[in-house]
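Okay, here's what each chain looks like letter by letter:
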Amino acid sequence: MVGLPGQGMHLGIDPLSALFLCLLAPQVLAAAIAMERKSVTFWMFVLGMVLALLAADAFALILGFELMSAASWLLVLRGDRQPGDRRPATLYAGTALFSAACLIPAVFLPAGSVAFGLLLLGAGAKAGLAPLHSWLPRAHPAPSAAVSAVMSGGMVKVALYVIIRYGFVVFAAIQPWWGVALMLAGAASVLIGSLGAMLEVELKTVLAWSTVEHVGLIAVGLGIALHARALDDPVLASVALQAALLGALAHGVFKPLLFLGAGAVKQATGTTSLDGLGGLMRGMPRLGMLMLLGAAGMAALPLGPGFAAEFLLLHAVIAAAGAGAVIAWIGFTALAAVLGLSAGLALAAAVRMIGIGFLGRPRTLRAAAAEEAGRLNLIAMAVLAVCCVPLALTPGWVLRAIQPAILLLVPDALPQPLAYAPLQLAILMVLLAAAAFFGLRRWGARGEREALSWNGGFGKPPVWLPFGDPVTQPSATGFAEPVRRVLGVPLLGRMPMDPGETYILAPLSRMHLRLTRLAEWLRRATIRQRLAFVFAALVIFLLALGLGQNA
Amino acid sequence: MLLVLRCLVTVLHGALMFALAPLLLGVVTKIRARLLGRRGAPVVQPYRDLWKLIHKIPLIPETATELYKIWPFVSFAAVAVVALLVPGFTLGLATAGQSDLVTIIGLLALSRAAVMLAGLETGFGFGGAGAAREALFGIFSEAAALGVVLILVLIAGDPTVDGIAAFFRFGQVGISVSLGFALAAILAVALTETGRIPVDNPAGHLELGMVHEAMLLEYSGRYLALFNYTAGLRLMIWFSLIGTVFFPYRMAQAGDITGWPLGLAAWLVKLGGFAVALALFEVSTAKMRIFRVPEFLGVAILLGLLAAIFLFVAGRLGG
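If you read the sequences in order, they're chains A and B. Per this note's numbering: the first sequence ends with 646, consecutive numbering throughout. Per this note's numbering: the second sequence ends with 547, consecutive numbering throughout.
Wrong hints could be hidden among the right ones.
Unchecked claim - EDC-like, lysine to aspartate or glutamate: derived pairs with alpha carbons at most 20 Å apart:
no., chain 1, residue 1, chain 2, residue 2
1, B, 280, A, 543
2, B, 284, A, 545
3, A, 555, B, 290
In case anyone wonders, no lab produced these hints; they're calculated from the structure.
So that you can see chain A by itself, here it is in the shape it has in the complex (with noise of 0.2 Å):
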């Protein structure tokens, strides 16, 4: 329904926006005990959330939409960077102006490929899909640490859930090439989010390129199920969706926790540099093992909450590629290798992430002198936490329970169980895992002893330096030195730059510039050069119109 004013607002609710309800309400809550209870700013952004995902008609959901952008830019313009460091928020204003450009035609004009294409620019651009994606890593590390989450977390996936509203229930007419390119856009999105993630050194940037993985990978599915659903393949449709709808669900959880951790540090340590880091596990035991939490959530490892959507992911690909042609065949098998490579590389960044910034040595003196979080940041992460339990070890349920989504998006969807227990897992893992320390302490020499470090052969460390020489720990950069001697390098250049920088950013800029100067050089016309255009404009406008009437 469009809407039109005059006629009131329609708001409404249904399975879909039950569900995007539930993913914002838990990080929502984390963030307003967190730190931003009293700011009406944050408060709006809320409203403008909810209020774009309980509209029932077009106008109602840009207004949502708009209120979102409008109040979470202000809030990163208020944000803990440097104060004189306008520039996040700028790029910023600007996707946000260049996304409502996009969308607001998209959802006016009749259905049909044109508003399609209009839509995926507009609220994938809000999304963070890749190739309009450079803007995330620098506006969402820039506010504090729980707008962060939630603008991570749950403004994301509000521009995903207007994808998700146009393409599947609004848009009837669904062709199979929208779904290719969200595909594409989605695989796209995956490999340089967790290249990007790897090769970063802020905690917080780091966070925000794994968010643009993640989306890159709900992209894939959501593009594999509009895929199948134009090609009429219900039951490839309704994996794919599981598989988007629980990673979005997922991500919506360990992410906001991993941003409110790093807040945290960056509270007890004054930097999230993470080779300035080290050895935070002493310090903030508690904080440390949340992140370990929300860290393998990033990760996709089996028995955290990211893992069941990965699974699903995969196994749809690999259905994918038995259904289609040729062409899609060949696209899937690269496909499952290119969501190889991007777990591997998540694994990488979530392993370094801890083991650099947790475990280790401390870099800085202020690293070494980290005290636990406060207490309100550790409840807030703690009620997020709770809810990664059931979906990391009970993903079965939590699937069931978003099944009348999945047949909002797809009317003959067939549910199929999930092909995963990781409860059962969980139980023989911690089976053997007690057998191996019962049988140790049964048959092993009991007790153990505190000694020097080996470290590599180096003598004890001078009184001044009570945790050893920093630099001869690894740090977060040599760390991802081979990576990015092979991946970073071939793919992004030896200075590396973000394609989406270089190839998008970059050449607006420069055409920014050069509008700017030809306007500069109009305004400053002499009379006799204005004289002339008026006659120029003149003469070609009589050509015109001659040459027209003599045809």
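Chain A is fixed; fit chain B onto it per the hints.
Positioned in the frame of chain A, the structure of chain B alone reads:
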């Protein structure tokens, strides 16, 4: 009755996997030594080493966190679960429904993550370098592994190892080009995951070139024993996995107790054959430079893609 037999065979299979894993390492080392013209340590040497290690009091580095003692158990438990999922001498284990190839790859990645975190635990240079290299190899080996998984699942129409093995055991599958490519790719992945030559040298003691060993340099006593045992178990799993999927000859059925001895004998022969092949391969090649390994695994990824294309062409020509 069938259920009882399936549980029984699962327990038997698990017991054999856990008991024989160090022996397998010993056999490979022995054959290698013989091929190099040395007498070599007895095949039971890994058991003696483990026994010696668990009787030593572990030294905990003072810069280690509380999690230092957790990683060996996480790494072991993840691999041990996989050992129960991958069938060895019979099909139809009680865990067959869970033996999805994607789950198995995920669990092996979990174990690898625990080892990498153990390497970063005390914050010393070699551990970090080893973890960074392991991370690099993991990226490519996961991509190659998923390509092979895709081909196997598409051929067999079943995502579980059990189902795939049953299809190859009883279905009409001729020798196909794409299966050959898939086998080559999975061998490359297996060599990487188990840290054998040409990717890593399990007998090497030069810190600059080590990968797996480098991460464990700060570990001692029972914790080191657990890591070493896990490495043997990982080799056992990859041998069994490749044997089950690509050479499922004479594999028994869980319900048919009379077929078990033959299946068991076939499994042991397969393991022995793989041990000889691995030792031959290891003495005939040298360890690669670290930055050659991504190329080696890149070839595996491409073989996976080629296998998929051949599979498609064969399907079109045949059907």
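So which hints don't hold here, by number, going up?
The structure conflicts with no hint, since it agrees with every one listed earlier.
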